[in-house]
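Chemist: For reference, the chains in residue letters:
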Amino acid sequence: MTLSTTTIWTIIVLMGIGTWLLRFSFIGLIGNRKMPEWALRHLRYTPVAVMPGLIAPLVLWPRATGGETDPARLAAAGAALVIGLWTKNVIAAVFSGMGALYLVQFLTG
Amino acid sequence: MSSTQSAYWRGFRDGAPFVLVVVPFGLLFGVVGTEAGLNLAEVMGMTVLVIAGAAQFAAIALMQENAPTIIVLATALAVNMRMAMYSASLAPYIGGAPLWQRAIAAYFMVDQSYAVSIVEYERRPEMSLRERMAYYFGAISPVCFPWYVATWAGAVLGARIPPEFALDFAVPITFLAITAPMMRTLAHVSAAAVSVGVSLALAFLPYNLWLMIAAVLAMMVGARVELLTARRRGLA
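Protein chains in written order, with the numbering used here: chain A, 1 to 109; chain B, 110 to 345.
Honestly, the hints are just simulated from the structure, not real lab data.
For glycine and all other residues, C-beta sits at the position ideal for the given N, C-alpha and C.
Each hint should be verified, as a subset may be incorrect.
[As the list claims (entries may be wrong)] Stretch-level coverage of chain B by chain A, calculated; a stretch enters the list once three of its residues show a Cβ under 8 Å from a Cβ in chain A: (1) 115 to 124; (2) 152 to 159; (3) 227 to 234.
[Said to hold, decoys possible] Over the 12 Å line for every Cβ pair with chain A, so calculated as not near, a few chain B residues: (4) M218; (5) S250; (6) W261; (7) R269; (8) S308.
With these hints in hand, go ahead and build the complete structure from the sequences.
Modeler: This is the structure we're talking about:
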């Protein structure tokens, strides 16, 4: 990372304010009024719309290998995905993913 | 014990199992943040001011790529959009509390405290506003405070972890692990598939614009599939 200290703190403070505003939004300002159904329907999908897109390039073209597809990292991603879908347990999925990464790295030397 | 106190401790008990998730997750954020090049003050500053794990990991991933500030912020806030949904769904129950209490409750609004609180409010409609607030603060206590401590521990230990551990890949793995359990319906799966497909297809675009376009299209597809599924169910 080559960001300056000022940039880093600007990001941290604005992220903090922005996140608080999102959390405060309805309990703070709108109170008991209802939100339109179409807006809720779109908001429901924000996490699954953002996160998979964010990680897909990192999985296929990892920074650590200079962008070259790496079997160990693909196996790790596959293990985390399968265990996450199956157990619905975030921590179990993290450990399976990192475990698969180390295993394949060890096996392929 | 007053009913308010017992509501606090009921919340505390319901939130307590999440310690098992929050501690490793906090440790991991401390490690990953340090590995990415943030110092201890910056890691702790983000953890205390933002207090939202997934968005923090997203920000770190983009900061590592030296993405422009606006892109980092837009992505982190998009990841946190769900908080606005939580806020909307809690408003009928705690919207009547004093402003300062709502401001503090907003700061501590995390997935786990939301999840247990909304279940409790729906199950016990007779709860008073004071009891609801006490329950809420009970539920966040075993989640938010261990989060700070675990992040600090991770940041202090993280600097000593050698590169063979491939911790660069802890971020994508953590995201996969957070996202996989969210695949509850066809609409969620469709949104995720569009997100992956579009971001890979447009990966050549600068400034992480690919991510913004992929996210907006994926949300629209998710909402559309939900409508179609509901309609089909209505006809059946």
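Chemist: Grab the minimum beta-carbon distance between R269/B and chain A and tell me whether it stays above 12 Å.
Modeler: Non-interface label on R269/B holds, nearest chain A Cβ at 17 Å vs cutoff 12 Å.
Chemist: Determine whether the non-interface label on M218/B survives the test: each CB of chain A must be over 12 Å from its CB.
Modeler: At roughly 4 Å from the nearest Cβ of chain A, M218/B sits no farther out than 12 Å, so the non-interface label is violated.
Chemist: Closer than 8 Å, Cβ to Cβ, for at least three residues: run that test on the stretch 152 to 159 of chain B against chain A and report holds or violated.
Modeler: holds (count 4)
Chemist: Going by Cβ atoms, does S250/B stay more than 12 Å from chain A at every point?
Modeler: Consistent with the label, S250/B stays out of reach of chain A, its closest Cβ about 17 Å off (over 12 Å).
Chemist: Beyond 12 Å on every Cβ pair: is that true for W261/B relative to chain A?
Modeler: holds (16 Å)
Chemist: At 12 Å, judged by beta carbons, does S308/B keep clear of chain A as stated?
Modeler: Not fine: 4 Å to the nearest Cβ puts S308/B too close to chain A.
Chemist: For the stretch 227 to 234 of chain B, does the count of residues with a C-beta closer than 8 Å to a C-beta of chain A reach 3?
Modeler: violated (count 0)
Chemist: Establish whether the coverage given for the stretch 115 to 124 of chain B by chain A is satisfied; the threshold is a Cβ-Cβ distance below 8 Å, and no fewer than three residues must meet it.
Modeler: violated (count 0)
Checked against the numbered hints listed earlier, the structure breaks hints 1, 3, 4, 8; every other hint is satisfied.
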